[in-house]
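Engineer: Could you slot chains B and C onto chain A? The hints should help.
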Amino acid sequence: MVKFQWISSTLNSFAQIGFQQNRFIGLLFMLAIVAGAPILLLSSLITVQIANLTASLLQVDKTLLNSGIYGYNAALLGIALAIWLPLSPITIMVLIIGAVMTVIIMALWLKLFCFKPYSSPFIVSSWLVIAALSAIDYPFNAFSVTSSGWSLPEAVLNGIAQVAFQQNELSGVIILIALVISRWQCTGWILWAAVSSSLFADILVTDAALIQQGFFCFNAILAILVLLSNPSFKKRWWLLFLSPFACVLLSQAFLGMNIIAFTAPFVLLVYSLLIIDFLKEKQPSG
Amino acid sequence: MVKFQWISSTLNSFAQIGFQQNRFIGLLFMLAIVAGAPILLLSSLITVQIANLTASLLQVDKTLLNSGIYGYNAALLGIALAIWLPLSPITIMVLIIGAVMTVIIMALWLKLFCFKPYSSPFIVSSWLVIAALSAIDYPFNAFSVTSSGWSLPEAVLNGIAQVAFQQNELSGVIILIALVISRWQCTGWILWAAVSSSLFADILVTDAALIQQGFFCFNAILAILVLLSNPSFKKRWWLLFLSPFACVLLSQAFLGMNIIAFTAPFVLLVYSLLIIDFLKEKQPSG
Amino acid sequence: MVKFQWISSTLNSFAQIGFQQNRFIGLLFMLAIVAGAPILLLSSLITVQIANLTASLLQVDKTLLNSGIYGYNAALLGIALAIWLPLSPITIMVLIIGAVMTVIIMALWLKLFCFKPYSSPFIVSSWLVIAALSAIDYPFNAFSVTSSGWSLPEAVLNGIAQVAFQQNELSGVIILIALVISRWQCTGWILWAAVSSSLFADILVTDAALIQQGFFCFNAILAILVLLSNPSFKKRWWLLFLSPFACVLLSQAFLGMNIIAFTAPFVLLVYSLLIIDFLKEKQPSG
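Residue numbers (the numbering used here), protein chains in the order written: chain A, 1 to 286; chain B, 1 to 286; chain C, 1 to 286.
Same shape as in the complex, but just chain A (with noise of 0.2 angstroms):
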């Protein structure tokens, strides 16, 4: 019989930020994050639970809720919008109303949707909050990077760091070493990823500080991730080739108008990809 477990539901939802399914793999992506910012721990713990309890007031099948299937995107939302907001009443209660808020998202989208909803409930809850919080003139918090230059071990490592919102050397080492363990076939082309992805954001992009952060590399890398995780997909190298290339112009685009692209471009990449095998399926009159 299957019971609602929360401690292999919460573990399981760290790990499922890498779309893993592994409490171990979950424990590694906690303490990277507690590498990185503690604080973001304690905040994406408390929006996890959030979700968790609220899929179980659903009553959602037992089996995808301890798989970590209804927390990973509460988890991302409530490390991103610790980092973006201030520690406020208001910021509490935005992060308890966006856990929510993805809940009932991914709970519609299994519902309605036979494709995977990857990251779109967070990134469409964080969206939302982020909008109306504009409206009210709250306050973000500001970044100020400068930078005169950038190395490709710190890039890499800060760009894998970033699959966690986590901008730290540590914090990507224990993520690499969770996704080596849990795909360890998928190493050359995890790192393929994040190198290409940073060379290619430095021919393209002048701001050297974003590129060290990370910010042009998490993209790709959870891109590879989903495209070796679909066989449609992973018989095609020039595909996975050339993914982190155009994570990086998509990423591009968003920093360009302006939007917190959160991991938007991955998301947007994998789903144009799926539209257009979707488009080439033998037509009637074809």
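Honestly, the hints are just simulated from the structure, not real lab data.
By construction, the Cβ of each residue, glycine as well, lies at the ideal position given by its N, Cα and C atoms.
One or more of the hints may lead you astray.
[Unchecked claim] Computed footprint of chain B on chain A; a stretch qualifies when at least three of its residues, placed anywhere within it, have a C-beta under 8 angstroms from a C-beta of chain B:
no.	segment
1	53-60
2	102-110
3	129-137
Structural biologist: Just chains B and C, lined up with the frame of chain A:
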């Protein structure tokens, strides 16, 4: 044989503002509007006639037409826009276009969806009209409201009057009589909605003038009326008990974002509850 | 066996601007564009090639591809954006992205919907591109138009030329010839659309320069062409008679809201009529 009877459909259109279908109740609602502002009865009579005429040209079901289903959104729009817009040829044109829009949205909704629209056609049409008029810098009526305090009986009566967008104790008494005649079993819950929303708004908000006007009250009353007419929600007393608090929070959220909420808080609340119930239905894999 | 013939598909793509499918008519449309501004033929030839190539890579139905269905939106986009955007590497990149977007939207539309897209893929792509460029403060070309008066023959010819976004009497003559050759039974209605829209705009609007340019005219012509090709609308002469007035009102509405309308007024009018017809279909309960 069912014929298009314009007096009957007009009266029912006004009764449907409170989600009732009874010509005498419709007359009481019209009386409540006259007691508040005679000009608003004129504008809403015009929009209702245009709406029912449009619906008739679209050859909709005569029974629905006579029951006021195609007219109440136009009645709300006729009142709400006449409050916010100065009297001018453009305003009159906008009322006509808006009334036609409510009918087209309603007719499409009834064809495509299996759940009730409540006042969504009115909300969507009004927001589109207001967005378009804002884009051309059309002047809106300004309301300066200041108040050093509020009293519960006045806030409750104004709040009941606000169901038809009036702000006047006599209108409140007339609409209360109409609702009691039509749904005498619900009287307790209606009063609970009015009283609890006013008191909760006082704890949450510092603006006494808005509470006195019944601004936080009418969505709670509409929500109670709709929830009580749904067999599944009616059984859950704690839902009825809590709904006024949710309406106040949603009204405050719209206020904070500087959006004219109209009846959107109550519609959002009811749809959220319907979505949650839809998600809680036994899942195939559960 | 049907093969992808690029000359044929290119010519048909231009003919489809006027919703015709005939290679000679396509040649006349290209001639009309050269007569107006040779650079615009170049830009639209590029976008059409990109669009048809993209469609070909998506392995769409060859017959549709050859008939120009996948190319005319890109042709319109190539002309319209080259008019509004300064020549620069970013503009060229935007033309390429826009052309690919029109094909993806068109392919999705044909898979998902059972009604024609007309020029919706072009309108949606152009608005998205313009919104994105506005967000990054990209400069748009400015047009200063002043005129002390307007003459009907020039307004009519310019208006016909505007079907391909030209503003030039010779282009107007060529497109008129093309339309007369292709649809000689419609000549009377085409002229009615051009003349009545210009005269009605003169009553409604004070800006003689816009009328002289044919700004209020081309949507009326496109609407007549589409309505005449629909067996159900063709029978209703009063609909054909009134459609130019509706197009002028819609064009003026977009102007008032400061939105570049492109062909949106005609598309909105046709969809409104289709929705009304859909709603008027015998209802199960009626």
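Engineer: Please go over all the hints and tell whether each is borne out by the structure.
Structural biologist: Tested hints:
1. 53-60: holds (count 3)
2. 102-110: Since 3 is at least three, the answer is holds.
3. 129-137: As far as the segment 129-137 of chain A goes, the hint holds, because 3 residues have Cβ atoms under 8 angstroms from chain B.
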